[in-house]
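Colleague: Construct the complete structure from the given sequences, taking the supplied hints into account.
Number of protein chains: 6
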Amino acid sequence: MKLFRPTIIVSAHCDLPCGVYDPAQARIEAESVKAICDKYQANTDPEFRTRALIIKEQRSELVKHHLWVLWTDYFKAPHFEKYPNLHQLFNEATKLAGAGGSKGQADSAVAEQLLSKIDEIAKIFWETKQA
Amino acid sequence: MKLFRPTIIVSAHCDLPCGVYDPAQARIEAESVKAICDKYQANTDPEFRTRALIIKEQRSELVKHHLWVLWTDYFKAPHFEKYPNLHQLFNEATKLAGAGGSKGQADSAVAEQLLSKIDEIAKIFWETKQA
Amino acid sequence: MKLFRPTIIVSAHCDLPCGVYDPAQARIEAESVKAICDKYQANTDPEFRTRALIIKEQRSELVKHHLWVLWTDYFKAPHFEKYPNLHQLFNEATKLAGAGGSKGQADSAVAEQLLSKIDEIAKIFWETKQA
Amino acid sequence: MKLFRPTIIVSAHCDLPCGVYDPAQARIEAESVKAICDKYQANTDPEFRTRALIIKEQRSELVKHHLWVLWTDYFKAPHFEKYPNLHQLFNEATKLAGAGGSKGQADSAVAEQLLSKIDEIAKIFWETKQA
Amino acid sequence: MKLFRPTIIVSAHCDLPCGVYDPAQARIEAESVKAICDKYQANTDPEFRTRALIIKEQRSELVKHHLWVLWTDYFKAPHFEKYPNLHQLFNEATKLAGAGGSKGQADSAVAEQLLSKIDEIAKIFWETKQA
Amino acid sequence: MKLFRPTIIVSAHCDLPCGVYDPAQARIEAESVKAICDKYQANTDPEFRTRALIIKEQRSELVKHHLWVLWTDYFKAPHFEKYPNLHQLFNEATKLAGAGGSKGQADSAVAEQLLSKIDEIAKIFWETKQA
Ligand code: NI
Ligand code: NI
Ligand code: NI
Ligand code: NI
Ligand code: NI
Ligand code: NI
Chain A
10 MKLFRPTIIV
20 SAHCDLPCGV
30 YDPAQARIEA
40 ESVKAICDKY
50 QANTDPEFRT
60 RALIIKEQRS
70 ELVKHHLWVL
80 WTDYFKAPHF
90 EKYPNLHQLF
100 NEATKLAGAG
110 GSKGQADSAV
120 AEQLLSKIDE
130 IAKIFWETKQ
140 A
Chain B
10 MKLFRPTIIV
20 SAHCDLPCGV
30 YDPAQARIEA
40 ESVKAICDKY
50 QANTDPEFRT
60 RALIIKEQRS
70 ELVKHHLWVL
80 WTDYFKAPHF
90 EKYPNLHQLF
100 NEATKLAGAG
110 GSKGQADSAV
120 AEQLLSKIDE
130 IAKIFWETKQ
140 A
Chain C
10 MKLFRPTIIV
20 SAHCDLPCGV
30 YDPAQARIEA
40 ESVKAICDKY
50 QANTDPEFRT
60 RALIIKEQRS
70 ELVKHHLWVL
80 WTDYFKAPHF
90 EKYPNLHQLF
100 NEATKLAGAG
110 GSKGQADSAV
120 AEQLLSKIDE
130 IAKIFWETKQ
140 A
Chain D
10 MKLFRPTIIV
20 SAHCDLPCGV
30 YDPAQARIEA
40 ESVKAICDKY
50 QANTDPEFRT
60 RALIIKEQRS
70 ELVKHHLWVL
80 WTDYFKAPHF
90 EKYPNLHQLF
100 NEATKLAGAG
110 GSKGQADSAV
120 AEQLLSKIDE
130 IAKIFWETKQ
140 A
Chain E
10 MKLFRPTIIV
20 SAHCDLPCGV
30 YDPAQARIEA
40 ESVKAICDKY
50 QANTDPEFRT
60 RALIIKEQRS
70 ELVKHHLWVL
80 WTDYFKAPHF
90 EKYPNLHQLF
100 NEATKLAGAG
110 GSKGQADSAV
120 AEQLLSKIDE
130 IAKIFWETKQ
140 A
Chain F
10 MKLFRPTIIV
20 SAHCDLPCGV
30 YDPAQARIEA
40 ESVKAICDKY
50 QANTDPEFRT
60 RALIIKEQRS
70 ELVKHHLWVL
80 WTDYFKAPHF
90 EKYPNLHQLF
100 NEATKLAGAG
110 GSKGQADSAV
120 AEQLLSKIDE
130 IAKIFWETKQ
140 A
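Protein chains in written order, with the numbering used here: chain A, 10 to 140; chain B, 10 to 140; chain C, 10 to 140; chain D, 10 to 140; chain E, 10 to 140; chain F, 10 to 140.
Since the hints were derived computationally from the structure, they do not count as laboratory data. Treat the hints loosely; a few may be bogus.
[To be verified] Below, a list of computed lysine-lysine pairs in the BS3-like style, where the Cα atoms sit at most 27 Å apart:
#1 C:48 to B:104
#2 D:91 to E:104
#3 E:104 to D:138
#4 B:91 to C:85
#5 C:48 to E:104
#6 C:104 to B:85
#7 F:132 to A:85
#8 B:104 to C:91
[Claimed, not checked] Computed Cβ-Cβ distance ranges for the label pairs, DEER-style:
#9 E:89 to A:121: 54 to 60 Å
#10 C:118 to F:47: 53 to 59 Å
#11 C:91 to B:57: 41 to 47 Å
#12 E:88 to A:90: 51 to 57 Å
#13 A:91 to D:55: 39 to 45 Å
#14 A:70 to F:57: 30 to 36 Å
#15 B:47 to F:118: 26 to 32 Å
#16 B:47 to D:55: 17 to 23 Å
#17 A:54 to D:94: 47 to 53 Å
[What the hints assert, rightly or not] A partial selection of chain B residues facing chain A, derived with a Cβ cut-off under 10 Å:
#18 28
#19 33
#20 38
#21 44
#22 47
#23 49
#24 57
#25 61
#26 63
#27 65
#28 68
#29 85
#30 91
For every residue, glycine included, the Cβ atom is placed at its ideal position computed from N, Cα and C.
Modeller: Encoded structure:
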């Protein structure tokens, strides 16, 4: 954990469009999913576990939503030409937040895979911002 | 705009709690609010303006929500003792995203004030993470 | 239970603002939370208990939301000067509807504490309406 | 406006069911709708008016939702036998919060009709509580 | 399952109104509820079952919502005169998607009853479209 | 308009997964978007137009959501191999429901394009069901 986190340019999304996008929104929710998996595995109390599953379902859905917004609203045809695997990357990332991924399993390793996939997308995102 | 943005530790919130919090979530939406105000002032098309007001209402609500979560769920009694103005800061920040602030006015200067207030909160947040 | 309940002035909230606020909205959801806790303790059927936790999570969130709205949108600087503990009261009340309170525990006693805290807020609310 | 409002038994709804219902939830939102109509008619600023229409749409939807919950979840077959016009009353009340009513018109008189219809329902509701 | 499904005129709802309505929206969610019940009964894994209950709760709520919209927004006074049992049909159908029906029970037979009731409504709906 | 519409097998989606999917959900909302555009162009009343824009924004978002679910949750790697343009088709369709499409313009021709694109997807969907 960084001792002090500088104010950074963060970004959002909407369909005006405001023009502000940031993969951090998806990553934030995926971090939450991973922390929930960790806590789930460490705690066998049935009430806690039920609550963890309820919340993990919501956070995973938010991951999917934030990724879908980037895929549809931020990335344009030239990006998909330059990064031919970008469609597949997003499709795999959103699947990793669904039934076959972090929704279906309370498994920290799956959440890690989701985080890695989001980081791959973020890398491309920030490259396109450079361009 | 930074040329390349490194992957950073971002954080989220939920009421498990997952333990992940980050003022970036509020800031992201406030950046969006400001961009919407800028575009609103630069475009007099009535359809565009109506859409801008619809979306600004939603984004401002998200700012309020993310701030409320930090205020209630992240900050604890010892923090409020150490930072006696913290309650007021959050109250002012959330008001700045409401009817008397960015909801009620499509004014970039108001959105800037909201961003500054969020940055004051973020500074305290990251100091408490250090402690 | 009253035999006949007269039509009373009830009130709401929004960010126009419409000017209508009422602590009853938070109390209604907290009453629901308490009833859910009571039923949870009296029924060990696992399907019922899972459903109770799902719904208690939602109702607790609504309690938080309605309280946040009052704190940010109804109460103004002069109120906070006159009632110096008002910030803390709201902070404690919303925490009581969160992970450390009625979300984290299916405990009728916790729900009772939440109701009492809301009643303290309601008392102040109606005093300010008098003023 | 009453000088002091006593704590009253308020009630909610959910599908556990928690067993707590109260027509106040619908009335609260309808009061808000009426206040919005009043303010709309008194203010010709286009930004204000657009915001009023956005919020009136949401509040009217909440009226419909709270009424639907009462109609489906609180009232049972014997109630509908005893009050043969109850179905029609709910149907008219929810229509009054829709396109042909408070959604479609920013008209305080329409909002008053909606409030009256809700009061008719509330009267029956509290009679059934007596029974 | 049909081998190829032709593009058909489907319909939606909103409160403009757009004029597009279709009982298929309720049926789609009820089909989902039934499939969830089937899977629930066939799988005793506690994580799966908790997830099934979470999702069944949401899908059942959507069934209720889509039916309520038809009842309030599509059907008019002359329809209720022509089909005197229409109010009761909708009331029973929405109850079948609530606590006493598909929310309260993970029972495929209950979901089947819900589907049948929706089909009764759909039959009347399409008859009124003919008229 | 068909005189009588037979009960058909409709389908839904969720992330259990229930296994029920149907492009009709996206099409239903797109039909609504088109009807809203038609009515918007035929009616210059400012209140009506504002309401139309509010609702068109919501319906367009639902189109995007239903398409995203199909793209991520229904279609699997073998489908994307067999239909190499499927990623692009979904990306274009969701863009057509966004700022550059039916959200940004109250234009019936744009809504028609959206409907056509959804029909292209539906054709592939039903082919894969055949397989
Ligand atoms: Ni945006
Ligand atoms: Ni969290
Ligand atoms: Ni209000
Ligand atoms: Ni309830
Ligand atoms: Ni419609
Ligand atoms: Ni499903």
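Colleague: For every hint, state whether the structure bears it out.
Modeller: The hints, checked one at a time:
{"no.": "1", "hint": "C:48 to B:104", "result": "violated (38 Å)"}
{"no.": "2", "hint": "D:91 to E:104", "result": "holds (19 Å)"}
{"no.": "3", "hint": "E:104 to D:138", "result": "holds (20 Å)"}
{"no.": "4", "hint": "B:91 to C:85", "result": "holds (24 Å)"}
{"no.": "5", "hint": "C:48 to E:104", "result": "holds (21 Å)"}
{"no.": "6", "hint": "C:104 to B:85", "result": "holds (9 Å)"}
{"no.": "7", "hint": "F:132 to A:85", "result": "holds (25 Å)"}
{"no.": "8", "hint": "B:104 to C:91", "result": "holds (19 Å)"}
{"no.": "9", "hint": "E:89 to A:121: 54 to 60 Å", "result": "holds (57 Å)"}
{"no.": "10", "hint": "C:118 to F:47: 53 to 59 Å", "result": "holds (58 Å)"}
{"no.": "11", "hint": "C:91 to B:57: 41 to 47 Å", "result": "holds (44 Å)"}
{"no.": "12", "hint": "E:88 to A:90: 51 to 57 Å", "result": "holds (54 Å)"}
{"no.": "13", "hint": "A:91 to D:55: 39 to 45 Å", "result": "holds (43 Å)"}
{"no.": "14", "hint": "A:70 to F:57: 30 to 36 Å", "result": "holds (34 Å)"}
{"no.": "15", "hint": "B:47 to F:118: 26 to 32 Å", "result": "holds (30 Å)"}
{"no.": "16", "hint": "B:47 to D:55: 17 to 23 Å", "result": "holds (19 Å)"}
{"no.": "17", "hint": "A:54 to D:94: 47 to 53 Å", "result": "holds (51 Å)"}
{"no.": "18", "hint": "28", "result": "holds (6 Å)"}
{"no.": "19", "hint": "33", "result": "holds (5 Å)"}
{"no.": "20", "hint": "38", "result": "holds (6 Å)"}
{"no.": "21", "hint": "44", "result": "holds (4 Å)"}
{"no.": "22", "hint": "47", "result": "holds (9 Å)"}
{"no.": "23", "hint": "49", "result": "holds (9 Å)"}
{"no.": "24", "hint": "57", "result": "holds (8 Å)"}
{"no.": "25", "hint": "61", "result": "holds (6 Å)"}
{"no.": "26", "hint": "63", "result": "holds (9 Å)"}
{"no.": "27", "hint": "65", "result": "holds (8 Å)"}
{"no.": "28", "hint": "68", "result": "holds (6 Å)"}
{"no.": "29", "hint": "85", "result": "violated (17 Å)"}
{"no.": "30", "hint": "91", "result": "violated (16 Å)"}
When held up to the earlier numbered hints, the structure conflicts with 1, 29 and 30 and fits the remainder.
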